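Turn these sequences into a full structure, and let the hints steer you where they fit.
There are 2 protein chains.
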Amino acid sequence: MTQKWVYLFKEGSAKQKSLLGGKGANLAEMTNIGLPVPPGLTVTTEACTEFYKQGKKLTDEIIAQIKENLQLLEEQTGKKFGDESNPLLVSVRSGAAISMPGMMDTILNLGLNDISVEGIAKKSNNERFAYDSYRRFIQMFGDVVLSVPKYKFDYALEDIKEKNNYKSDTELTTDDLKGLVKEFKKIYKEETNSDFPQNPETQLLMAVEAVFRSWNNARAITYRNLYEISHDIGTAVNVQSMVFGNMGDTSGTGVAFTRNPSTGEKKVFGEFLMNAQGEDVVAGIRTPLTIDKLQDIMPEIYDQFMDIAHNLEQHYRDMQDIEFTIEQGKLFMLQTRSGKRTAEAALRAAVEMVGENLITKEEAVMRVEPKSLDQLLHPRFDPTEIKKSTPIAKGLPASPGAATGKIYFTAEDAAMATERGEATILVRKETSPEDIEGMTKARGILTSRGGMTSHAAVVARGMGKCCVAGCESVYVDEIQKIMSVGNIKLTEGDYISLDGSTGNVYEGSIKTVEPNISGNFGQLMEWADEFRKLGIRTNADTPKDASISVKFGAEGIGLCRTEHMFFDEERIFSVRKMIVSDSVVQREKALAEILPMQKNDFKGLFKVMGIKPVTIRLLDPPLHEFIPHDEEDIIELSEDMHMPISKLKEIIVSLQEFNPMLGHRGCRLAITYPEIARMQTRAIIEAAIEVSVEENINIVPEIMIPLVGVKEEIDILRKLVIETAENVKTEKNSNLKYEVGTMMEIPRACLVSDEIAEFADFYSFGTNDLTQMTYGYSRDDAGKFISSYRELGILENDPFQSIDQIGVGKMVDIAVKLGRKVKPHMHMGVCGEHGGDPASIDFFHRVGLDYVSCSPFRVPVARLAAAQAAIRNKDQSK
Amino acid sequence: MTQKWVYLFKEGSAKQKSLLGGKGANLAEMTNIGLPVPPGLTVTTEACTEFYKQGKKLTDEIIAQIKENLQLLEEQTGKKFGDESNPLLVSVRSGAAISMPGMMDTILNLGLNDISVEGIAKKSNNERFAYDSYRRFIQMFGDVVLSVPKYKFDYALEDIKEKNNYKSDTELTTDDLKGLVKEFKKIYKEETNSDFPQNPETQLLMAVEAVFRSWNNARAITYRNLYEISHDIGTAVNVQSMVFGNMGDTSGTGVAFTRNPSTGEKKVFGEFLMNAQGEDVVAGIRTPLTIDKLQDIMPEIYDQFMDIAHNLEQHYRDMQDIEFTIEQGKLFMLQTRSGKRTAEAALRAAVEMVGENLITKEEAVMRVEPKSLDQLLHPRFDPTEIKKSTPIAKGLPASPGAATGKIYFTAEDAAMATERGEATILVRKETSPEDIEGMTKARGILTSRGGMTSHAAVVARGMGKCCVAGCESVYVDEIQKIMSVGNIKLTEGDYISLDGSTGNVYEGSIKTVEPNISGNFGQLMEWADEFRKLGIRTNADTPKDASISVKFGAEGIGLCRTEHMFFDEERIFSVRKMIVSDSVVQREKALAEILPMQKNDFKGLFKVMGIKPVTIRLLDPPLHEFIPHDEEDIIELSEDMHMPISKLKEIIVSLQEFNPMLGHRGCRLAITYPEIARMQTRAIIEAAIEVSVEENINIVPEIMIPLVGVKEEIDILRKLVIETAENVKTEKNSNLKYEVGTMMEIPRACLVSDEIAEFADFYSFGTNDLTQMTYGYSRDDAGKFISSYRELGILENDPFQSIDQIGVGKMVDIAVKLGRKVKPHMHMGVCGEHGGDPASIDFFHRVGLDYVSCSPFRVPVARLAAAQAAIRNKDQSK
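Going down the list, the sequences are from chains A and B. The first sequence begins at 1 in the numbering used here and counts up one residue at a time. The second sequence begins at 1 in the numbering used here and counts up one residue at a time.
Simulated from the structure, these hints should not be mistaken for laboratory data. Fair warning: this is a prediction, and the values are worked out from it, not measured in the lab. Misleading hints may appear alongside valid ones.
Because identical chains cannot be distinguished in the list, a pair is counted as satisfied if it fits within a single copy or across any two copies.
Below are the BS3-like pairs computed for lysine-lysine, each with C-alpha atoms no more than 27 Å apart in a straight line [claimed, not checked]: (1) K394 to K649; (2) K821 to K810; (3) K429 to K647; (4) K719 to K441; (5) K589 to K719; (6) K489 to K67; (7) K649 to K429; (8) K185 to K511; (9) K163 to K330; (10) K394 to K647; (11) K810 to K823; (12) K185 to K150; (13) K57 to K719; (14) K53 to K823; (15) K53 to K719; (16) K56 to K719; (17) K150 to K429; (18) K267 to K80; (19) K647 to K489; (20) K441 to K267; (21) K647 to K481; (22) K649 to K489.
Right, here's the structure in full:
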């Protein structure tokens with residue numbers, strides 16, 4: 001049996017999106033529920049794939065089917081292609097399964113030639129209209145199908161207007177237009193070396209090929225890369241008999257949404273123009289009227305349209321975005337699709353549709369894009385102000401929100417300026433842990449280097465603070481205190497504005513508006529919580545972050561990084577003494593100074609979290625990150641420690657590493673400096689005991705050992721932690737319970753997870769490091785090639801943002817399976833950046849983790865994404 | 001049934017080594033083949049394991065069996081423990097399955113007490129002998145079993161000698177010795193709070209426990225870590241009735257090898273002393289006689305001994321190391337074991353034993369330790385000179401061989417001094433690719449930092465040059481041009497000597513002797529080649545290295561690193577221009593300068609290798625490694641390129657990376673700078689075509705794309721290589737064949753090997769990087785903790801030296817299996833450092849690779865190891 005490559009609209013349905021494209025499937029659906037749709041046909045996406053398989057050629061079979069169906073279309077409409085009295089004209093439009101701008105522009109009026117133009121003239125009783133349509137068609141066809149430069153046609157048009165001293169196109173006479181048709185055909189021939197095709201079938205086949213070719217034009221490829229759409233699915237072509245909104249005063253055209261796409265309000269929202277074509281509405285030359293005005297002009301059409309709009313929403317059970325045309329008093333529907341909407345509108349519509357019994361709670365949960373919630377949780381630029389601004393640079397949208405302030409180039413300067421009451425933006429090549437205080441105080445952070453998981457990005461997301469990272473077109477000179485981009489030079493104190501949701505950087509100050517989380521938000525979250533199976537924890541190091549995350553619905557802390565606690569100004573001195581100590585005694589003395597501070601940190605966290613679980617990771621980063629670099633600091637330290645400067649510098653140099661990410665960090669520190677792990681364990685256990693007593697609750701802290709790769713590491717450290725903890729419990733006469741687990745972030749650990757599991761009460765997957773090592777990409781350096789990789793289609797996504805399911809994911813899967821073989825009920829979570837990414841969350845749900853942990857501002861995103869994962873995978877599971 | 005914990009010698013055999021220990025098993029074997037062995041019993045290694053299981057206690061069952069067997073021993077010998085006329089005395093010795101110094105010293109004369117001492121006096125008719133033995137026994141027992149400080153006994157002895165003004169121990173009278181026994185018992189009681197045990201059974205049980213405890217003393221643990229022996233196998237205890245070599249002129253004792261352990265010559269080689277105990281031979285106080293002198297003294301005993309020696313070698317089919325004692329004219333065998341030998345001796349003995357039909361060729365191949373061949377391939381220190389020297393420091397034995405020369409602290413200084421005719425040693429903190437020339441010219445290399453796979457180590461091994469790396473006790477100041485270690489300060493031009501096989505560093509100059517590869521070497525290699533299944537290739541970048549490796553038997557080049565070719569003084573300038581170019585045109589111009597040089601490099605290699613396969617890896621390291629750091633070089637470059645210094649410095653900074661190992665390197669360079677890969681491909685293909693024509697052969701170059709992690713990388717680059725290669729072939733009218741493959745070194749690539757295989761003609765596993773990323777250990781930095789890790793038993797081996805079979809190995813296994821699923825016959829090899837490590841080679845054989853590739857001087861090691869792997873795994877395979 002031969003394959004069916006072409007479908008009449010009446011043969012298809014909305015279910016066939018992947019075959020007919022979104023547009024084609026919806027046209028078919030509307031046709032079949034009896035709405036007034038101009039008849040047409042769809043060439044399938046499979047024909048597109050076949051076209052490419054044949055080396056960009058339509059097969060004979062496809063051509064034959066197009067011709068056959070064209071005949072059926074002629075029968076349906078009672079018109080004939082190229083006819084001199086009642087010719088069939090069609091529009092040709094691309095339409096992929098996923099809505100995708102960037103492909104071929106529409107071709108209207110296909111079927112016009114030297115004969116049928118006369119037929120149209122007769123039929124419309126308007127010769128000028130016919131020739132105007134014809135010259136437009138030649139230009140459109142030449143431009144779109146054969147890349148004849150548009151300006152050549154435009155120049156010819158301008159010539160005639162100048163010669164006759166016309167101000168506007170409407171002054172062109174029928175004869176002018178007839179002359180223009182000749183001129184356009186001449187241009188066409190000069191540019192393409194062939195005559196303008198007079199056979200409408202030839203026109204159509206050429207147009208179909210052009211649509212298929214446009215699937216792989218640069219814009220379309222870029223778009224697919226950007227939105228993670230497969231390059232293999234192809235586009236369909238829709239061929240639809242023309243209706244004209246510009247056939248006089250009883251004609252018109254418009255677009256409408258069944259609900260307000262900005263607010264979600266349940267009220268048809270649309271615009272239309274009388275005596276106009278679709279392009280005119282979009283182009284903005286004439287100001288369209290709001291849809292309610294149609295009631296005054298054509299009340300019956302208005303009622304009919306309102307009915308159709310209501311029915312379409314009821315039929316599709318979602319807010320629709322509709323295009324319509326009125327031809328000489330008759331209403332035609334040209335398109336319907338699910339309407340794009342803001343996060344706010346999506347929320348409101350979803351919640352209200354449940355109230356209207358239109359959709360189920362599960363459907364409502366599926367209707368809101370989790371990532372879009374970010375918009376609702378952070379300050380945004382005032383929408384009217386931002387429309388007037390043009391960005392001067394674009395970096396990575398590292399942490400969402402908007403911020404305006406004066407630029408400062410060092411963390412100290414930014415902190416001081418903030419204390420003076422200024423709004424500040426910290427601008428750095430990159431940030432380091434020493435900059436924490438300045439980062440906390442600035443409104444936003446801009447870096448010229450680093451990727452989505454660079455220090456600046458990770459810390460900013462943790463703080464819920466706006467950050468644009470890796471903005472490579474900006475040159476930052478921290479010594480001279482200037483930043484430059486193109487010809488623009490900005491110095492300390494100048495204003496800039498950052499949009500962390502888009503990566504845009506603006507010169508000057510732009511007003512921001514605060515987030516307003518409405519009741520619909522809470523309602524949707526409640527439903528999400530009903531469906532999700534994954535627990536949601538947060539990555540938080542401070543009581544402040546912990547409080548925010550609890551407000552957002554976090555059920556525990558999945559990762560408390562203790563190193564941030566070491567950078568506090570009061571402590572860093574003791575920390576440094578500890579590190580450069582060349583004896584255990586000296587080190588223990590320095591650690592004893594830090595102990596009470598660490599204990600208070602943990603008490604603060606435990607007080608906020610109550611009995612919710614808190615996972616605390618022992619010290620992780622390479623020690624040299626804590627080491628002083630300023631001469632001044634070095635001198636101070638050397639004096640306090642009675643250590644010669646030369647010796648101190650020798651120690652500092654000896655701590656440097658070529659590849660610190662692969663160096664002396666994580667549990668490797670705890671092995672070589674067990675006294676650090678002992679101090680931290682003591683601080684955790686003492687804090688947990690004290691808060692348990694004070695609040696009369698039972699806290700069960702989870703102590704996490706980072707960077708384990710070899711079972712002996714966790715064996716030794718687990719013993720050390722337990723020994724210390726039991727000593728503290730004996731001292732305090734407490735029967736506190738606690739758990740000791742590990743961060744799974746070394747590829748080897750995943751491969752030998754059955755060995756590691758013996759010594760772990762829980763796993764938390766550190767997918768940042770795991771991605772880093774599985775790919776061999778340094779988070780700090782990969783920015784140099786990851787963007788080219790995405791442009792070239794080598795990487796569909798940044799693997800640090802969305803987990804690589806087939807590579808890194810396989811690693812996680814292996815680890816979960818091997819671990820559960822040994823301990824079927826061990827709790828396992830993920831605390832990498834991926835814990836807040838919806839696609840990753842879907843994966844973690846499928847792989848069987850117990851929870852995800854993400855930065856506080858991502859908690860609502862994660863709750864929703866987890867619910868969607870549960871709903872989406874319901875059939876597969878159990 | 002109760003377990004048998006104790007065996008009489010006559011109950012065991014040589015096959016029971018793991019149960020009875022090596023010594024016990026051999027004593028049993030000798031007993032059963034009718035040799036004169038003093039009767040005894042062995043407490044098994046399982047009893048040792050049980051001892052630890054019970055919290056370091058002998059179970060009642062074990063104690064009961066010891067006592068039972070003791071009774072049988074009394075019956076066998078006709079003597080009785082503690083008897084006043086014919087007492088049984090025994091020696092107690094430890095004996096693990098693998099010979100292991102560091103455990104308990106021997107206890108002799110156990111069974112002596114206040115009664116039996118009289119029995120011995122009567123029986124030997126020598127009261128002085130009896131009391132001398134008794135006081136020695138108390139000291140030995142106190143020291144070894146209960147850690148009574150030895151010096152306390154020594155002081156007491158000295159006191160008596162001083163009081164009586166004796167010069168030597170032989171002047172002590174029987175009464176003195178009786179007094180000393182009393183004194184020693186007093187010391188024993190003071191130190192242990194208990195009386196010296198008079199019951200011989202108690203003595204024995206205490207001694208057995210002491211042996212078991214000694215299994216876990218610090219020295220023994222260190223030894224096991226060093227030689228990779230499991231800590232779980234335990235030791236046996238041998239209890240043997242005493243015979244005395246010091247019972248007068250017809251008594252004596254000695255040791256002998258059945259062949260010469262230094263040369264392998266087939267002639268019994270031994271030494272003995274009359275009227276002496278075993279310790280006297282070893283201690284070196286009296287000079288022993290050579291074994292042939294025994295013929296003059298006791299001809300019958302001599303003949304009997306020679307017979308036994310011959311029979312033992314025939315029985316064990318290996319060279320034996322034998323201990324014997326003559327007691328009053330009667331010969332006793334106390335021990336036999338496989339004799340330790342030099343590599344030279346091992347080779348000669350193995351080859352000659354095949355000639356004697358004593359062993360098979362397979363056995364001969366198994367008899368030589370592959371790693372020991374290194375000794376034969378490099379210069380060594382003159383054995384007599386080295387005996388007189390004490391090392392001043394010890395680093396890692398990074399590249400074998402010995403070297404003496406004047407020290408220089410920069411590569412340039414070393415190169416210049418060499419050109420002046422001096423023998424030089426390059427001393428650096430660490431080396432970098434810029435030092436290549438100096439490294440080539442120096443006799444040896446010493447670094448104070450870096451591990452076994454640091455730059456210095458890898459490059460030196462590649463060159464077959466002596467190198468001691470990571471010698472942390474040496475402080476190197478390259479600016480001041482001094483090195484210091486302890487109180488020794490050496491400056492430029494001072495002599496040092498390095499032993500790259502041991503890591504020892506000596507002050508001053510020591511004579512070296514050149515390697516002498518005898519015919520036995522070639523013979524054994526020939527046999528090895530008969531058995532091995534793995535091909536052996538080499539890692540070589542230069543014609544010189546390639547020639548050496550072919551001489552050593554390499555069958556191809558498994559890895560030619562092209563980056564070393566870029567550092568050549570003449571080229572580095574062009575290379576730098578290429579890197580800092582900010583336009584493709586400029587970069588291509590610089591590359592055009594490099595092309596002819598690269599082509600000549602490859603022609604040189606192809607000429608040496610002929611039709612043997614040559615795998616050439618495209619440029620791998622991060623570009624910044626090539627960048628100038630000296631102000632002078634930067635100025636020169638900026639002038640030549642007409643580029644402002646500030647701009648050049650900006651580019652240099654922008655190339656820096658935080659973690660270069662995980663950065664912009666490998667195929668990531670080829671993706672972002674495709675013109676580099678195109679130039680290299682052109683150079684390879686042109687060279688292959690030209691040499692094929694000149695030599696009238698068909699060269700099939702293998703082009704290897706490094707660091708692939710994602711299938712799109714190899715897809716794109718494979719196309720680029722093929723396109724370039726086909727262009728060159730068309731230009732040159734050639735039909736050259738070539739292959740395009742990838743280096744498997746990224747964990748992700750292994751996990752998705754089925755995807756990668758589609759685009760690869762071959763795989764070469766880069767196990768250095770694979771280990772680096774699977775463990776998350778930087779080769780450059782891991783030295784900081786790997787040594788602690790080995791001491792703590794966290795790592796049994798340095799995973800960069802011997803492949804981690806369960807983690808990294810699983811990764812290789814996954815990759816091989818997934819790859820072969822797609823392409824069952826794809827050839828796969830390994831080119832990491834592990835390719836020259838025998839244990840790793842065994843693994844690669846089992847996992848089904850086709851070849852290993854190692855540095856030229858490792859080729860013979862690899863040939864032998866591959867043969868052993870094939871023999872060892874013969875039963876398992878097929």
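Results for each hint:
1. Taking the shortest alpha-carbon separations for K394 and K649, only the inter-copy value of 25 Å comes in at or below 27 Å, while the best intra-copy value is 40 Å.
2. Taking the shortest alpha-carbon separations for K821 and K810, both the intra-copy value of 16 Å and the inter-copy value of 18 Å come in at or below 27 Å.
3. Within a single copy, K429 and K647 get their C-alpha atoms only as close as 31 Å, which misses the 27 Å cut-off; across copies the closest is 16 Å, which meets it.
4. Taking identical chains as interchangeable, the C-alpha atoms of K719 and K441 are never at most 27 Å apart, the minima being 40 Å within one chain and 51 Å between chains.
5. Taking the shortest alpha-carbon separations for K589 and K719, only the intra-copy value of 23 Å comes in at or below 27 Å, while the best inter-copy value is 62 Å.
6. In this homomeric assembly, K489 and K67 never come within 27 Å of each other (Cα to Cα): the closest approach is 62 Å inside a single copy and 95 Å across copies.
7. Taking the shortest Cα distances, K649 and K429 sit within 27 Å of each other both inside one copy (25 Å) and across copies (15 Å).
8. When the C-alpha separation of K185 and K511 is checked against a cutoff of 27 Å, the pair qualifies neither within a copy, at 53 Å, nor between copies, at 95 Å.
9. For a Cα distance limit of 27 Å, the shortest separation of K163 from K330 qualifies neither inside one copy, at 40 Å, nor across copies, at 136 Å.
10. In this assembly of identical chains, K394 and K647 lie within 27 Å of each other by CA distance solely across copies; the values are 23 Å between and 45 Å within a copy.
11. For the homomeric pair K810 and K823, the shortest alpha-carbon distances inside one copy (20 Å) and between copies (22 Å) are both at most 27 Å.
12. Within a single copy, K185 and K150 get their C-alpha atoms as close as 13 Å, which meets the 27 Å cut-off; across copies the closest is 115 Å, which misses it.
13. In this assembly of identical chains, the alpha carbons of K57 and K719 lie at most 27 Å apart only when taken from different copies (24 Å versus 70 Å within one copy).
14. Taking CA atoms no more than 27 Å apart as the test, K53 paired with K823 passes between copies only; the shortest distance there is 25 Å, against 50 Å inside one copy.
15. Taking the shortest alpha-carbon separations for K53 and K719, only the inter-copy value of 19 Å comes in at or below 27 Å, while the best intra-copy value is 62 Å.
16. Taking CA atoms no more than 27 Å apart as the test, K56 paired with K719 passes between copies only; the shortest distance there is 20 Å, against 67 Å inside one copy.
17. Taking the closest pair of Cα atoms, K150 and K429 never come within 27 Å of each other, the shortest separation being 44 Å inside a single copy and 67 Å across copies.
18. In this homomeric assembly, K267 and K80 never come within 27 Å of each other (Cα to Cα): the closest approach is 41 Å inside a single copy and 112 Å across copies.
19. Taking CA atoms no more than 27 Å apart as the test, K647 paired with K489 passes between copies only; the shortest distance there is 17 Å, against 43 Å inside one copy.
20. Taking the closest pair of Cα atoms, K441 and K267 never come within 27 Å of each other, the shortest separation being 44 Å inside a single copy and 85 Å across copies.
21. Taking the shortest alpha-carbon separations for K647 and K481, only the inter-copy value of 18 Å comes in at or below 27 Å, while the best intra-copy value is 33 Å.
22. Proximity of K649 to K489 under the C-alpha cut-off of 27 Å is restricted to the inter-copy arrangement: shortest distance 20 Å between copies versus 37 Å within a copy.
In this structure, the hints that do not hold are numbers 4, 6, 8, 9, 17, 18, 20, in rising order.
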